[in-house]
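Asks: Here are the chains, one letter per residue:
2 protein chains.
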Amino acid sequence: MSKAVVLLSGGLDSAVTLYFAKQQGYDCHCLIFDYGQRHKKEISRAKKISAHLDCKAQVIKICLPWKGSSLLDKHADLPSLGYRGSIIPSTYVPGRNIIFLSFAVSCAEAIKAKAIFIGAHAQDYSGYPDCRPEFYRAFSRAAAEGTKAGANGKPVKIITPLINKNKAQIIKLGAKLGVPFHLTWSCYQGGISPCGVCDSCRFRAKGFKEAGINEGKSCRGL
Amino acid sequence: MSKAVVLLSGGLDSAVTLYFAKQQGYDCHCLIFDYGQRHKKEISRAKKISAHLDCKAQVIKICLPWKGSSLLDKHADLPSLGYRGSIIPSTYVPGRNIIFLSFAVSCAEAIKAKAIFIGAHAQDYSGYPDCRPEFYRAFSRAAAEGTKAGANGKPVKIITPLINKNKAQIIKLGAKLGVPFHLTWSCYQGGISPCGVCDSCRFRAKGFKEAGINEGKSCRGL
Numbered sequence: 245m246s247k248a249v250v251l252l253s254g255g256l257d258s259a260v261t262l263y264f265a266k267q268q269g270y271d272c273h274c275l276i277f278d279y280g281q282r283h284k285k286e287i288s289r290a291k292k293i294s295a296h297l298d299c300k301a302q303v304i305k306i307c308l309p310w311k312g313s314s315l316l317d318k319h320a321d322l323p324s325l326g327y328r329g330s331i332i333p334s335t336y337v338p339g340r341n342i343i344f345l346s347f348a349v350s351c352a353e354a355i356k357a358k359a360i361f362i363g364a365h366a367q368d369y370s371g372y373p374d375c376r377p378e379f380y381r382a383f384s385r386a387a388a389e390g391t392k393a394g395a396n397g398k399p400v401k402i403i404t405p406l407i408n409k410n411k412a413q414i415i416k417l418g419a420k421l422g423v424p425f426h427l428t429w430s431c432y433q434g435g436i437s438p439c440g441v442c443d444s445c446r447f448r449a450k451g452f453k454e455a456g457i458n459e460g461k462s463c464r465g466l
Numbered sequence: 245m246s247k248a249v250v251l252l253s254g255g256l257d258s259a260v261t262l263y264f265a266k267q268q269g270y271d272c273h274c275l276i277f278d279y280g281q282r283h284k285k286e287i288s289r290a291k292k293i294s295a296h297l298d299c300k301a302q303v304i305k306i307c308l309p310w311k312g313s314s315l316l317d318k319h320a321d322l323p324s325l326g327y328r329g330s331i332i333p334s335t336y337v338p339g340r341n342i343i344f345l346s347f348a349v350s351c352a353e354a355i356k357a358k359a360i361f362i363g364a365h366a367q368d369y370s371g372y373p374d375c376r377p378e379f380y381r382a383f384s385r386a387a388a389e390g391t392k393a394g395a396n397g398k399p400v401k402i403i404t405p406l407i408n409k410n411k412a413q414i415i416k417l418g419a420k421l422g423v424p425f426h427l428t429w430s431c432y433q434g435g436i437s438p439c440g441v442c443d444s445c446r447f448r449a450k451g452f453k454e455a456g457i458n459e460g461k462s463c464r465g466l
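Residue numbers (this note's numbering), protein chains in the order written: chain A, 245 to 466; chain B, 245 to 466.
These are calculated hints, taken from the structure and not from any lab test.
Keep in mind that the hints are not guaranteed to be accurate.
Pairs involving identical chains hold if they fit within one copy or between any two copies, as the list cannot separate such chains.
In silico lysine to aspartate or glutamate, EDC-like type, Cα no more than 20 Å apart, as pairs [stated by the list, open to error]:
1) Lys292 x Glu378
2) Lys284 x Asp321
3) Lys392 x Glu378
4) Lys305 x Asp278
5) Lys401 x Glu378
6) Lys420 x Glu378
7) Lys305 x Asp271
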């Protein structure tokens with residue numbers, strides 16, 4: 245059984261990614277990041293999701309003292325337009341996926357994992373530069389050049405199973421895989437229950453509607 | 245005055261790199277990593293070196309719970325052959341430079357720095373895969389693809405001024421730049437004074453000898 249490192253945020257996309265990796269037969273090792281995000285609640289949800297699948301999980305605490313994102317500042321306004329276009333939203337965290345992937349590369353090398361899974365997807369990549377397929381291709385190359393595994397001709401694979409899917413398609417895939425949507429957390433605000441207003445809440449609600457799946461109160465991350 | 249992020253370990257190479265960046269006219273912002281290395285002493289030396297040049301410095305604490313290196317385990321044997329050839333030594337820390345650079349990319353993006361300096365060099369790259377020029381080229385591409393600055397056509401430059409130099413050449417450059425060698429720390433052991441036996445001590449001593457510079461007791465990092 246091949247090992248895989250899975251980046252698990254506690255959100256919907258990464259949960260679907262974890263279930264997908266597991267279904268592909270990987271022994272999954274989850275990395276959960278505590279990076280000062282205002283929606284810390286996603287961390288406890290990520291732990292629950294990994295436990296639900298009986299997967300090993302490690303919480304990695306990192307500090308980005310230079311901030312530079314509304315996701316790291318609980319007093320900043322959050323975008324709530326429900327669309328992105330080509331504008332990079334204020335919730336973009338400088339270098340976040342580069343950092344997450346670099347820890348995943350380190351972990352994969354140490355535990356001899358053959359693959360890294362990350363749930364970046366199409367709906368994001370017009371806004372977030374670190375969700376674009378070009379970035380993953382370039383990072384894969386860097387990981388191959390900069391690791392022992394790569395130097396030995398066996399670079400770790402970086403797998404983005406959701407990259408070409410929209411939210412509705414991700415939700416449909418998640419439903420097929422039996423993802424416990426009620427455990428996932430999407431809201432960017434740090435509140436007790438989802439705000440229903442921020443972009444992340446809007447994309448989630450729109451996704452369920454378009455997928456024709458009634459999330460229901462028990463599945464809304466409440 | 246353009247800003248630059250400089251990765252500063254407290255060792256000789258990164259100190260020379262910082263002085264080089266400063267001489268090039270950059271306003272330098274140093275990142276110092278506390279990553280569980282057995283030679284923690286280098287952290288306090290890095291702080292002293294940055295203070296010596298009156299540069300801003302931030303210590304970033306990270307945890308690599310999967311270990312995978314003799315540099316992260318104070319009970320492990322350290323290599324002391326004084327040469328490397330094509331063997332990747334046990335002191336290689338999986339993904340270390342990838343992680344350091346990813347934080348540097350995040351910092352550079354947030355503080356609007358135009359360049360990142362790292363003191364990787366030729367003597368290392370036969371052993372450490374993350375010191376090879378190919379890795380830096382590939383990582384630069386990933387940073388360009390995955391950041392706002394890159395998306396806006398102004399990717400951060402990753403500069404490796406020592407990449408083609410050997411230790412003696414680095415020391416000669418450092419002497420020209422006025423690097424306070426006595427503040428730098430090279431020994432991999434976590435002792436009070438340098439062991440003189442580990443690879444890092446051997447490379448340092450050999451470098452000073454070949455450069456024709458008498459390091460002297462006050463310059464040996466004691």
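Asks: Which constraints among the numbered hints does this structure fail? Numbers only, ascending.
Replies: 1, 6, 7
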